[in-house]
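*Asks:* Start from the sequences and build out the full structure, keeping to the hints where you can.
Protein chains in written order, with this note's numbering: chain G, 1 to 115; chain Y, 1 to 110.
Treat the hints with care, as some may be off.
DSS-like, lysine-lysine: derived pairs with alpha carbons at most 25 angstroms apart [what the hints assert, rightly or not]:
(1) Y/Lys102 x G/Lys57
(2) Y/Lys56 x Y/Lys67
(3) Y/Lys2 x G/Lys57
Rather than coming from a laboratory, the hints here were simulated on the basis of the structure. Computed from a predicted model, the values in this text were never measured in an experiment.
Okay, here's what each chain looks like letter by letter:
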Amino acid sequence: KAGVTQTPRYLIKTRGQQVTLSCSPISGHRSVSWYQQTPGQGLQFLFEYFSETQRNKGNFPGRFSGRQFSNSRSEMNVSTLELGDSALYLCASSASPGQGGVTQYFGPGTRLTVL
Amino acid sequence: QKEVEQNSGPLSVPEGAIASLNCTYSDRVSQSFFWYRQYSGKSPELIMSIYSNGDKEDGRFTAQLNKASQYVSLLIRDSQPSDSATYLCAVFSGNTPLVFGKGTRLSVIA
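*Replies:* Structure (structure tokens):
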């Protein structure tokens, strides 16, 4: 079974631009979570989607948004990029948000650099 | 605020020794517990999951859960330099996102 895929793997943008990151979960998985990881900050939760609905949202500004499509693929968008948005963005796939399917499997991540 | 606490390390152990990584959590109703390994510059990789009190073994790895004391630990036997990584503890409490600790950096010295 193919793992979680994320595209692109690397991105360089300048301040003020916007960016869209994509995540394809493991086949059959319907839940996708997004995280931001910066050195020293650990994994910061962005949002969680299940069946095209956002179930949970982390404490990030409205510049960060996401969505999930009917095939479970998910995208996240960051508008008006700031230098502090430079980070590794990780997508994690799980079967469902409930007890029996909550185990998360991570994609390789997208490394975003904002200049 | 649900919290998961880990000692940031680095935890240094000699090759062949047992590495012991600990994690405490604040939510008493937590149900599922996970350990991930993350190499520098890479994404987290699931090592173990544990749901019931006691020990769960998988090769050189043993996860230990004590719900009464609200801690979960990971033992790595016969530690190898390739085990050098950051280990993340994650806790699920139902209807809320998985909560991750900040991780413990392990260094295995050859």
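*Asks:* Are the hints correct? Go through all of them and say.
*Replies:* Hints, one by one, checked against the model:
no.: 1; hint: Y/Lys102 x G/Lys57; result: holds, 19 angstroms
no.: 2; hint: Y/Lys56 x Y/Lys67; result: holds, 14 angstroms
no.: 3; hint: Y/Lys2 x G/Lys57; result: holds, 15 angstroms
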